[in-house]
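Produce the entire structure from the sequences given, and follow the hints as far as they go.
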Amino acid sequence: MPRVTPEAKARLEEARRAQILAAAARVFARRGYYRATVAEIARTARLSEGSIYNYFRGKEDLLVHIPTRLIQPILLPLLQRAPALGDADDLEQLLLAFASAVVQEVPARARFLKVFLSALPSLSPAARKKYMEVLPIYAAGVLEEVLRQGMRRGLLRRDLNPVIAARIFPGMLLVFVLMQEVLVGGRLVPYPYDDVVREAVQIFLHGAAVARPGGNGRRLRRGGSGG
1 MPRVTPEAKA
11 RLEEARRAQI
21 LAAAARVFAR
31 RGYYRATVAE
41 IARTARLSEG
51 SIYNYFRGKE
61 DLLVHIPTRL
71 IQPILLPLLQ
81 RAPALGDADD
91 LEQLLLAFAS
101 AVVQEVPARA
111 RFLKVFLSAL
121 PSLSPAARKK
131 YMEVLPIYAA
141 GVLEEVLRQG
151 MRRGLLRRDL
161 NPVIAARIFP
171 GMLLVFVLMQ
181 EVLVGGRLVP
191 YPYDDVVREA
201 VQIFLHGAAV
211 ARPGGNGRRL
221 RRGGSGG
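Residue numbers (this note's numbering): 1 to 227.
Calculated from the structure, these hints are not laboratory results. Note that CB positions come from ideal geometry on N, CA and C, so glycine has one too. Some hints here could point you the wrong way.
Unchecked claim - With a cut-off of at most 30 Å between alpha-carbon atoms, the simulated DSS-like pairs for lysine-lysine come out as follows:
#1 Lys59 to Lys129
#2 Lys9 to Lys129
#3 Lys59 to Lys9
#4 Lys114 to Lys9
#5 Lys59 to Lys114
#6 Lys59 to Lys130
#7 Lys129 to Lys114
#8 Lys114 to Lys130
Stated by the list, open to error - Per label pair, the in silico range of CB-to-CB distance:
#9 Gly58 to Ala110: 22 to 32 Å
#10 Ser51 to Ile164: 34 to 44 Å
#11 Pro107 to Arg31: 30 to 40 Å
#12 Arg198 to Glu145: 15 to 25 Å
#13 Asn54 to Val210: 54 to 64 Å
#14 Gln93 to Gly50: 42 to 52 Å
#15 Pro125 to Thr37: 22 to 32 Å
#16 Gly50 to Gln202: 46 to 56 Å
#17 Arg11 to Arg35: 31 to 41 Å
#18 Ala208 to Glu49: 44 to 54 Å
#19 Arg198 to Ser51: 21 to 31 Å
#20 Val4 to Arg57: 19 to 29 Å
#21 Ala208 to Arg30: 36 to 46 Å
#22 Tyr55 to Tyr34: 20 to 30 Å
Take a look at the structure:
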(Lines of atoms letter the chains of each structure in order from A; the text may use other names.)
(Lines give C-alpha, C1' and ligand atoms only; values in the text may rest on other atoms or scores of the structure.)
Protein backbone atom coordinates (compact mmCIF):
# COMPACT_ATOMS: atom_id res chain seq x y z
CA MET A 1 0.00 0.00 0.00
CA PRO A 2 1.54 3.36 -1.01
CA ARG A 3 2.53 5.61 1.85
CA VAL A 4 0.42 8.75 2.29
CA THR A 5 2.59 11.87 2.51
CA PRO A 6 1.93 14.42 5.28
CA GLU A 7 0.82 16.92 2.62
CA ALA A 8 -1.69 14.49 1.13
CA LYS A 9 -2.96 13.58 4.60
CA ALA A 10 -3.45 17.27 5.43
CA ARG A 11 -5.40 17.79 2.20
CA LEU A 12 -7.63 14.80 2.95
CA GLU A 13 -8.30 16.04 6.48
CA GLU A 14 -9.13 19.53 5.23
CA ALA A 15 -11.50 18.09 2.63
CA ARG A 16 -13.22 15.99 5.30
CA ARG A 17 -13.59 19.00 7.61
CA ALA A 18 -15.11 20.98 4.74
CA GLN A 19 -17.51 18.11 4.02
CA ILE A 20 -18.64 17.98 7.65
CA LEU A 21 -19.06 21.76 8.01
CA ALA A 22 -21.07 21.97 4.78
CA ALA A 23 -23.40 19.27 6.08
CA ALA A 24 -23.68 20.98 9.46
CA ALA A 25 -24.59 24.30 7.84
CA ARG A 26 -27.39 22.60 5.89
CA VAL A 27 -28.74 20.81 8.94
CA PHE A 28 -28.60 23.90 11.17
CA ALA A 29 -30.38 25.98 8.51
CA ARG A 30 -33.07 23.32 8.07
CA ARG A 31 -33.60 22.20 11.67
CA GLY A 32 -32.28 25.04 13.80
CA TYR A 33 -29.41 24.73 16.23
CA TYR A 34 -31.30 23.22 19.16
CA ARG A 35 -33.14 20.56 17.16
CA ALA A 36 -30.14 19.56 15.05
CA THR A 37 -28.14 16.53 16.17
CA VAL A 38 -24.65 15.32 15.42
CA ALA A 39 -26.20 12.07 14.18
CA GLU A 40 -28.23 13.96 11.56
CA ILE A 41 -25.18 15.97 10.53
CA ALA A 42 -23.26 12.72 10.11
CA ARG A 43 -26.02 11.23 7.93
CA THR A 44 -26.10 14.38 5.80
CA ALA A 45 -22.32 14.21 5.39
CA ARG A 46 -22.58 10.46 4.66
CA LEU A 47 -20.20 9.66 7.49
CA SER A 48 -20.40 7.77 10.74
CA GLU A 49 -21.24 9.80 13.84
CA GLY A 50 -17.88 8.82 15.31
CA SER A 51 -16.12 10.38 12.32
CA ILE A 52 -17.54 13.78 13.24
CA TYR A 53 -15.88 13.61 16.65
CA ASN A 54 -12.53 12.94 15.02
CA TYR A 55 -12.62 16.54 13.78
CA PHE A 56 -14.99 18.47 16.06
CA ARG A 57 -15.93 18.24 19.72
CA GLY A 58 -19.68 18.57 19.13
CA LYS A 59 -22.47 20.86 17.96
CA GLU A 60 -21.00 24.02 19.47
CA ASP A 61 -17.64 23.40 17.88
CA LEU A 62 -19.29 22.84 14.50
CA LEU A 63 -21.36 26.00 14.79
CA VAL A 64 -18.46 28.33 15.55
CA HIS A 65 -16.28 26.93 12.74
CA ILE A 66 -18.88 27.28 9.97
CA PRO A 67 -18.56 31.08 9.50
CA THR A 68 -14.85 30.70 8.76
CA ARG A 69 -15.69 28.20 6.04
CA LEU A 70 -18.21 30.64 4.57
CA ILE A 71 -15.85 33.59 4.49
CA GLN A 72 -12.82 31.79 3.02
CA PRO A 73 -14.11 32.13 -0.59
CA ILE A 74 -14.25 35.89 0.00
CA LEU A 75 -10.77 36.16 1.49
CA LEU A 76 -8.76 33.91 -0.80
CA PRO A 77 -9.15 36.12 -3.90
CA LEU A 78 -8.21 39.09 -1.73
CA LEU A 79 -4.96 37.39 -0.74
CA GLN A 80 -4.21 36.51 -4.35
CA ARG A 81 -4.72 40.07 -5.59
CA ALA A 82 -3.00 41.90 -2.72
CA PRO A 83 0.61 41.46 -3.95
CA ALA A 84 -0.30 43.30 -7.18
CA LEU A 85 -1.49 46.37 -5.28
CA GLY A 86 0.12 49.29 -7.10
CA ASP A 87 -1.91 52.49 -6.97
CA ALA A 88 -5.04 54.02 -5.45
CA ASP A 89 -7.26 52.56 -8.18
CA ASP A 90 -5.93 49.07 -7.44
CA LEU A 91 -6.74 49.50 -3.76
CA GLU A 92 -10.24 50.79 -4.46
CA GLN A 93 -10.95 47.98 -6.94
CA LEU A 94 -9.71 45.39 -4.46
CA LEU A 95 -11.97 46.75 -1.71
CA LEU A 96 -14.90 46.88 -4.13
CA ALA A 97 -14.33 43.23 -5.03
CA PHE A 98 -14.08 42.28 -1.35
CA ALA A 99 -17.26 44.19 -0.48
CA SER A 100 -19.15 42.71 -3.43
CA ALA A 101 -18.19 39.20 -2.36
CA VAL A 102 -19.41 39.88 1.19
CA VAL A 103 -22.82 41.16 0.12
CA GLN A 104 -23.24 38.23 -2.27
CA GLU A 105 -22.25 35.56 0.25
CA VAL A 106 -24.17 36.72 3.30
CA PRO A 107 -27.68 36.82 1.76
CA ALA A 108 -27.11 33.34 0.33
CA ARG A 109 -26.49 32.13 3.89
CA ALA A 110 -29.33 34.06 5.51
CA ARG A 111 -31.11 30.98 6.91
CA PHE A 112 -27.96 29.71 8.57
CA LEU A 113 -27.10 33.17 9.89
CA LYS A 114 -30.49 33.44 11.58
CA VAL A 115 -29.75 30.17 13.37
CA PHE A 116 -26.23 31.27 14.22
CA LEU A 117 -27.34 34.59 15.72
CA SER A 118 -30.10 32.94 17.74
CA ALA A 119 -27.66 30.38 19.16
CA LEU A 120 -24.87 32.80 20.06
CA PRO A 121 -26.28 33.87 23.46
CA SER A 122 -26.40 30.28 24.69
CA LEU A 123 -22.89 29.27 23.65
CA SER A 124 -20.47 28.31 26.38
CA PRO A 125 -17.61 30.71 27.18
CA ALA A 126 -15.17 28.25 25.58
CA ALA A 127 -17.20 28.18 22.34
CA ARG A 128 -17.43 31.97 22.22
CA LYS A 129 -13.68 32.22 22.72
CA LYS A 130 -13.10 29.75 19.89
CA TYR A 131 -15.41 31.73 17.60
CA MET A 132 -13.47 34.92 18.31
CA GLU A 133 -10.29 33.05 17.40
CA VAL A 134 -11.42 31.37 14.20
CA LEU A 135 -13.38 34.09 12.41
CA PRO A 136 -12.83 37.79 13.18
CA ILE A 137 -9.08 37.61 13.69
CA TYR A 138 -8.56 35.47 10.59
CA ALA A 139 -10.78 37.63 8.41
CA ALA A 140 -9.42 40.92 9.68
CA GLY A 141 -5.85 39.65 9.48
CA VAL A 142 -6.12 39.23 5.73
CA LEU A 143 -7.55 42.69 5.22
CA GLU A 144 -5.05 44.14 7.69
CA GLU A 145 -2.16 42.98 5.50
CA VAL A 146 -3.79 44.62 2.46
CA LEU A 147 -4.08 47.89 4.37
CA ARG A 148 -0.46 47.67 5.53
CA GLN A 149 0.59 47.28 1.91
CA GLY A 150 -1.46 50.34 1.06
CA MET A 151 0.32 52.28 3.80
CA ARG A 152 3.76 51.15 2.60
CA ARG A 153 2.92 52.31 -0.92
CA GLY A 154 1.72 55.70 0.32
CA LEU A 155 -1.90 55.04 -0.63
CA LEU A 156 -3.22 55.30 2.92
CA ARG A 157 -2.44 57.57 5.87
CA ARG A 158 0.78 56.79 7.66
CA ASP A 159 -0.98 57.15 11.03
CA LEU A 160 -3.78 54.73 10.10
CA ASN A 161 -4.30 51.93 12.60
CA PRO A 162 -4.62 48.95 10.22
CA VAL A 163 -5.82 46.61 12.97
CA ILE A 164 -8.82 48.80 13.79
CA ALA A 165 -9.49 49.68 10.16
CA ALA A 166 -9.43 46.01 9.15
CA ARG A 167 -12.26 45.34 11.58
CA ILE A 168 -14.27 48.44 10.71
CA PHE A 169 -14.59 47.82 6.96
CA PRO A 170 -16.13 44.32 7.00
CA GLY A 171 -18.14 45.38 10.05
CA MET A 172 -19.79 48.17 8.05
CA LEU A 173 -20.87 45.68 5.40
CA LEU A 174 -21.91 42.85 7.69
CA VAL A 175 -24.09 45.01 9.91
CA PHE A 176 -25.86 46.49 6.89
CA VAL A 177 -26.44 43.13 5.23
CA LEU A 178 -27.55 41.45 8.45
CA MET A 179 -30.02 44.25 9.08
CA GLN A 180 -31.41 44.04 5.56
CA GLU A 181 -31.43 40.27 5.11
CA VAL A 182 -31.69 38.70 8.56
CA LEU A 183 -32.92 41.03 11.28
CA VAL A 184 -35.65 43.01 9.52
CA GLY A 185 -36.14 40.90 6.40
CA GLY A 186 -38.84 42.20 4.10
CA ARG A 187 -40.04 44.93 6.45
CA LEU A 188 -37.81 47.52 4.78
CA VAL A 189 -37.40 48.42 1.14
CA PRO A 190 -33.99 46.90 0.30
CA TYR A 191 -31.18 48.97 -1.16
CA PRO A 192 -29.41 47.57 -4.25
CA TYR A 193 -26.13 46.07 -3.12
CA ASP A 194 -24.18 47.70 -5.94
CA ASP A 195 -25.07 51.03 -4.32
CA VAL A 196 -24.23 49.74 -0.84
CA VAL A 197 -20.81 48.49 -1.94
CA ARG A 198 -19.85 51.73 -3.67
CA GLU A 199 -20.97 53.86 -0.72
CA ALA A 200 -19.19 51.69 1.85
CA VAL A 201 -15.89 51.79 -0.04
CA GLN A 202 -16.10 55.56 -0.59
CA ILE A 203 -16.84 56.21 3.09
CA PHE A 204 -14.06 53.87 4.18
CA LEU A 205 -11.43 55.38 1.88
CA HIS A 206 -12.48 59.03 1.79
CA GLY A 207 -14.85 59.65 4.71
CA ALA A 208 -18.25 61.29 4.70
CA ALA A 209 -17.36 64.83 5.78
CA VAL A 210 -17.17 67.75 3.37
CA ALA A 211 -14.22 70.12 3.51
CA ARG A 212 -14.31 72.24 6.66
CA PRO A 213 -14.80 75.98 6.03
CA GLY A 214 -11.40 77.64 6.05
CA GLY A 215 -9.67 74.27 5.98
CA ASN A 216 -8.05 74.74 2.57
CA GLY A 217 -10.07 71.87 1.16
CA ARG A 218 -8.67 69.31 3.58
CA ARG A 219 -10.88 66.62 5.06
CA LEU A 220 -11.67 66.58 8.74
CA ARG A 221 -9.31 64.52 10.89
CA ARG A 222 -8.84 63.86 14.57
CA GLY A 223 -7.28 66.81 16.34
CA GLY A 224 -8.25 69.21 13.56
CA SER A 225 -5.24 68.43 11.37
CA GLY A 226 -5.58 68.02 7.63
CA GLY A 227 -4.85 64.88 5.64
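Verification of the hints:
1. Lys59 to Lys129: Holds. Lys59 to Lys129 sits at ~15 Å (cutoff 30 Å).
2. Lys9 to Lys129: holds, 28 Å
3. Lys59 to Lys9: holds, 25 Å
4. Lys114 to Lys9: violated, 35 Å
5. Lys59 to Lys114: holds, 16 Å
6. Lys59 to Lys130: holds, 13 Å
7. Lys129 to Lys114: holds, 20 Å
8. Lys114 to Lys130: Distance ~20 Å between Lys114 and Lys130 Cα, so the pair holds.
9. Gly58 to Ala110: 22 to 32 Å: Holds - the Cβ-Cβ distance for Gly58 and Ala110, about 25 Å, lies within 22 to 32 Å.
10. Ser51 to Ile164: 34 to 44 Å: Check passed, 41 Å falls within 34 to 44 Å.
11. Pro107 to Arg31: 30 to 40 Å: violated, 21 Å
12. Arg198 to Glu145: 15 to 25 Å: For Glu145 against Arg198, whose Cβ atoms are near 24 Å apart, the range 15 to 25 Å holds.
13. Asn54 to Val210: 54 to 64 Å: Roughly 58 Å apart at Cβ, these two residues keep to the hinted range, so it holds.
14. Gln93 to Gly50: 42 to 52 Å: This hint holds: roughly 47 Å between Cβ atoms.
15. Pro125 to Thr37: 22 to 32 Å: Hint holds: Cβ distance 23 Å, inside 22 to 32 Å.
16. Gly50 to Gln202: 46 to 56 Å: holds, 52 Å
17. Arg11 to Arg35: 31 to 41 Å: 33 Å Cβ-Cβ, so the 31 to 41 Å window holds.
18. Ala208 to Glu49: 44 to 54 Å: Given about 52 Å between the Cβ atoms, the range holds.
19. Arg198 to Ser51: 21 to 31 Å: violated, 45 Å
20. Val4 to Arg57: 19 to 29 Å: holds, 25 Å
21. Ala208 to Arg30: 36 to 46 Å: holds, 41 Å
22. Tyr55 to Tyr34: 20 to 30 Å: holds, 22 Å
Hints 4, 11, 19 from the list above are not met by this structure, while the remaining hints are.
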